[in-house]
Amino acid sequence: MAEMYFTKEHEWVKVSGNTGKVGISDHAAHELGDITFVELPKVGKTVKQFEVLAAIESVKAASDIFSPLSGKVIAVNDELDATPEVVNESAEEKAWMAEIEIADAAELKNLMTQDQYTEYLKTL
Amino acid sequence: MEEQAIATPINSRHRDLKALMAPFGGWDMPIQYEGIIAEHAWCRQKAALFDICHMGEFLFQGDFESGGLEDVFTFSVKTIPVGRSRYGFLLNEQGGIIDDLIVFRLAEDKVMVVVNAATAPNDFDAIKQRLRGGTFTNITDQTGKLDIQGPLARDVMVAALGGQVAAIPYFKFITMDILGVEAIVSRTGYTGELGYEIFIPAEKVCQLWDLLLQDERVKPAGLGARDVLRLEVGYSLYGSDIDEVTTPLEAGLGAFVNFDKNFVGKDALLKQKETGITRQKIAFQVSSRRSPRHHYEIFSGDRQIGAVTSGVFSPMLGCGIGIGFAESGDYPLGTQLTIRHERVSMEAVVCEVPFYGGGSLRS
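As given, the protein sequences belong to chains H and E, one line each in that order.
With my numbering as the guide, the letters of the first sequence map in order to residues 1 to 124.
With my numbering as the guide, the letters of the second sequence map in order to residues 1001 to 1363.
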């Protein structure tokens, strides 16, 4: 089963082999409210860890989404173009935004595990 | 600021419903309950109930002309028939908008002035200074206000309060007994849908809220949905789209200014009519689901020509919509614009308001 890691900015990455799917947490989706737009990255884009990967807008706010890991975008979830509300319905399952080829797995040490993230949310 | 925000009489109900609350105009108000998009849809399709107790209400009683009231607003008060209301402005000497408001003609010698929450204390002082007679009282604290808006609003009101509501035409109101007290039911609103604004003594407003929500066709809606609804029909929001340094002529609201009468700010507006305005309101539609937002820059080609004052994602149109101000010029429908902010950029075209004209407002 894929391991899930989180950032302090509420992105997640599900690691499977040398790739990882990226999205935002249920907590983040709830805080943003109704999602109206997701700006997906272009396939082939390379990003560094914690750099801007994508953007998301809700009725209330516009936010950047930062990449949990360095790597190259190899796929994006086009379904979110027409139905961004999937982020509200299933932020941590269906609403992955990009799949990246992981450049350096050692960067995982900069992320939180699911348990650590749950504890982190309690401190906010 | 938050700890000082005033609670409306319905505050505990919002908290029971787990509404997201935020300070607005000095009041602790519900922004959303189940979600802005769902509440917006309910208002366009059924009937939504809004707690609007934060808005200000003033009473004037006396002779409108000798008391000075006739010259206070950009419209004539004495020509409003009893039982009707009129929208317009309170201006400063420079023609800037101190507030936009509605005056209800309650009787031959009596009106109620309904103003925005944040501006209410300042409005009261500005109006009082211009009066020469009559009695002028701030009844905001004693007055509760609920808005029920949506295509089913009439059916709901008739079921809850009786048949006399059914015949009220647009921008007319009646005084009637509700829950044993005298209340005003006005066929006005801020959503583009058929609906009513109800003014009732503050001590009864919570009971009326409960009564109307007993009808399963009614759901509560917050200020978040209200903002989307009003922008879809192109209504201005005081503090965002209009303010003390914006005149009604710049804001495209000259239709609510009667130049055949006296009012404070008239000289400035006449001068502006003569020399021409230097900036004007424009409305635009974005080519994607991106939302323009307050303060985003408006570009024509590479040149910034203005800024956005209100913008949202419109669920009815399925794209971003916005209004803003641009340097005066000719912007025919379809004119290409770019809306920018930091690394965000979106294409847009000039369009007409209302953005959405399919509401049940006059049905």
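Bear in mind the hints are in silico, worked out from the structure with no lab data behind them.
Here the structure is a predicted model, which is why all the values come from computation and not from measurement.
Cβ atoms here follow ideal geometry from the backbone N, Cα and C, with glycine treated the same way.
Among the hints, erroneous ones may be present.
The list that follows gives simulated cross-link-like pairs (lysine to any residue, SDA-like), each with its CA atoms no further than 20 Å apart [what the hints assert, rightly or not]:
(1) H:LYS60 x E:VAL1344
(2) H:LYS94 x H:LEU40
(3) H:LYS60 x E:GLY1162
(4) E:LYS1018 x H:LYS42
(5) H:LYS60 x E:ARG1343
(6) E:LYS1018 x E:ASP1155
(7) H:LYS42 x E:GLU1347
(8) E:LYS1046 x E:GLN1142
(9) H:LYS60 x E:LYS1046
(10) H:LYS60 x E:ARG1340
Covered by chain H, per the in silico footprint, the following chain E stretches (three or more residues, Cβ under 8 Å) [unchecked claim]:
(11) 1032 to 1040
(12) 1287 to 1294
Quick rundown of the hints versus the structure:
Between LYS60 of chain H and VAL1344 of chain E the CA atoms are separated by roughly 16 Å; this keeps the pair inside 20 Å, and the hint holds. With a C-alpha separation of about 15 Å, the suggested pair LYS94 of chain H and LEU40 of chain H falls inside the 20 Å cut-off, and the hint holds. About 38 Å separates the Cα atoms of LYS60 of chain H and GLY1162 of chain E, which puts this hinted pair outside 20 Å; it is violated. About 39 Å separates the Cα atoms of LYS1018 of chain E and LYS42 of chain H, which puts this hinted pair outside 20 Å; it is violated.
For the given pair, LYS60 of chain H sits about 18 Å from ARG1343 of chain E by alpha-carbon distance, which is consistent with the 20 Å threshold. With a CA separation close to 28 Å, the supplied pair LYS1018 of chain E and ASP1155 of chain E exceeds the 20 Å bound. With a C-alpha separation of about 19 Å, the suggested pairing of LYS42 of chain H with GLU1347 of chain E holds against the 20 Å cut-off. Between LYS1046 of chain E and GLN1142 of chain E the alpha-carbon distance is near 30 Å, which puts this suggested pair outside the 20 Å criterion.
Between LYS60 of chain H and LYS1046 of chain E the alpha-carbon distance is near 23 Å, which puts this suggested pair outside the 20 Å criterion. Taking the CA atoms of LYS60 of chain H and ARG1340 of chain E, the gap is about 18 Å. The hint holds against a cut of 20 Å. Remark: the segment 1032 to 1040 of chain E is confirmed as covered by chain H, as 5 of its residues place a Cβ nearer than 8 Å to a Cβ of that chain, reaching the required three. Closer than 8 Å: that is the beta-carbon criterion, and the segment 1287 to 1294 of chain E has 5 residues meeting it against chain H, so the requirement of 3 holds.
The earlier numbered hints that this structure contradicts are 3, 4, 6, 8, 9.
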